[in-house]
Amino acid sequence: MRALRQRPLGFLFPIGTDDWLAILRPGLGLQVIFYSLSLRNDWNYLLSGTGRELAEALLSLESHFVPRLGWLVALGTHTGLRVETVLSIVWACLLAAGCCLLVGLACRLSAILAWLLHLCAAKTGGFVSYGVDNFMTIGLFYLMLSPLPDRYSLDWRLRELRPKDPHLLGFWRRVLQLHLCIIYFFSGLTKCLGSGWWDGSNIWRSLIRPPFNVIDPKILVQGKLIFPIAGIVICLLETGYPFFIWNNKTRGVWLICICGMHILIGLAMGMWLFSLVMIVLNVAAFGPELIRFDRHRISLRPQTAVS
Amino acid sequence: MKTGWVFCQNYVYAAWLILHLLLIVWVSCLGTLQAVAQGPTILPSSFRKFAKKTEGAASIALGRQLPGSNPLRETLATYLHVAGIETGYSYFAPNVPGTYKLVFELHYPDGRVEYELPSVSSEAAGLRIVGLLDNIGRTRYDTVREILVKTVAQSIWQEHPDVKTMRAILGSLSLPTVSDFEAGRRESYEFLYAYDFTVQNEPAKAKDR
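In order, the protein sequence lines correspond to chains S and A.
Here my numbering is used: position 246 in the first sequence is 246, and no number is missing along the way.
Counting from 1 along the second sequence, just add 307 to a position and that's the residue number in my numbering.
The hints are simulated quantities; they were obtained by calculation from the structure and are not laboratory data.
There may be inaccurate statements among the hints.
[Stated by the list, open to error] In silico DSSO-like cross-links for lysine-lysine, where the CA-CA straight-line distance does not exceed 30 Å:
id, chain 1, residue 1, chain 2, residue 2
1, A, LYS408, A, LYS471
2, S, LYS218, A, LYS408
3, A, LYS457, A, LYS408
4, S, LYS224, A, LYS408
[Said to hold, decoys possible] Quick look at which bits of chain A chain S covers, simulated, 3 or more residues with Cβ under 8 Å:
id, segment
5, 425-436
6, 446-460
The beta-carbon is built from N, C-alpha and C at its ideal position, and this holds for glycine as well.
Could you build the full structure based on these sequences and the hints that come with them?
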């Protein structure tokens with residue numbers, strides 16, 4: 001009976017290393033930096049004016065407590081700052097948080113700041129947000145709750161901060177792994193319900209739909225025989241993810257195929273920001289065993305059990 | 308003593324995870340049901356009715372039928388948003404939808420007419436503009452559509468301050484199939500709505516299709 005109770009706990013709290021955090025933290029740092037830089041010229045345009053007010057009003061219909069830029073704008077204007085100035089400060093802080101995450105400086109604070117500011121921007125820009133914002137929120141949410149810092153961060157080297165419990169490292173990695181399994185399963189399942197993924201027409205439509213029409217349709221049409229195969233492969237890869245990613249024998253192949261799919265999405269559809277966040281989440285969750293880490297430098301202190 | 312604390316802590320974490328995963332699965336199921344309800348899918352058409360009914364019932368668990376000020380509803384909604392799990396994962400599924408196009412017809416005082424599309428300076432921002440156009444095209448609420456079109460119109464106006472009147476024309480783009488494309492047919496544009504703006508920034512009239 002006790003063994004039965006211990007087994008699920010053993011699955012949820014495996015003794016883990018910080019290898020995965022050493023991928024997730026700089027990966028999401030890079031993602032936040034690219035996100036900020038890619039929107040630097042359009043930040044104020046996308047997040048100000050009537051569009052912002054309308055998005056925040058609609059958000060308030062769901063909940064008044066979801067963080068939004070309106071709060072920071074109200075705070076800023078109260079102290080005499082213009083809306084544009086507040087938005088620029090938010091942008092600069094987000095970029096700075098991304099840079100700190102990349103090098104691992106003040107990891108926890110940077111992760112919280114990045115999560116909060118990105119969330120505010122994503123919710124305020126509800127009409128202009130898409131999948132990448134969801135996945136960034138998910139990644140930053142788990143990162144901020146994880147036992148930071150990891151051994152490659154500056155915090156580890158300079159301030160000698162150490163996470164205490166290796167079981168918690170394992171737990172938060174498990175959370176990310178399980179969440180990814182649900183994401184891919186439902187994404188694949190819903191695709192399987194559309195006939196267009198079986199006959200390949202959805203691949204064609206995705207690639208010619210503006211603004212994803214990076215490749216000339218005249219070139220695409222030459223490879224029309226590949227579309228049905230690609231459609232079926234995508235359905236199988238996504239739906240099969242939770243079944244094949246856990247097995248040591250199939251994990252490597254599945255992870256490489258999924259990452260390959262995201263690279264192709266980035267190249268063929270111009271969604272490189274979306275591709276990057278998906279690759280970071282996947283490699284952090286299931287990749288560490290496939291990447292060689294320097295094991296000699298791990299110096300985690302397991303929490304001693306004293307009765 | 309410490310062992311007991313660690314076990315207790317683990318149970319709290321495990322309970323949170325179960326609740327968290329349940330919410331993710333629930334929201335994802337809702338997303339899938341919504342996709343089936345909106346169709347078309349490979350499932351028989353009778354499933355559409357079933358999906359619509361089930362979707363309504365399933366959303367009750369997330370408190371979406373409760374009044375807006377209900378604390379349970381607000382707490383759940385806040386948690387879903389801050390964790391990034393408020394929507395399902397049916398991207399480009401079950402089928403890839405068509406897209407929308409918003410064209411601005413700029414009328415100058417000297418009678419000149421120019422055409423302008425909403426523009427941004429980077430490709431990443433361009434993807435977001437497409438999301439905005441999809442929202443404009445798909446919303447069921449005329450007021451929301453009008454406000455969003457007006458927001459884009461204002462930015463166009465800032466770039467062209469000499470313009471006297473402006474007409475915003477929203478249309479849907481139908482994508483050709485592979486065989487259509489090979490036969491020389493290209494994407495087709497279907498008119499949906501038009502909005503006239505005067506220099507006072509007031510939409511004069513919204514013309515439906």
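Handout entry: Hint check against the structure, violated hint numbers in rising order
Key = none
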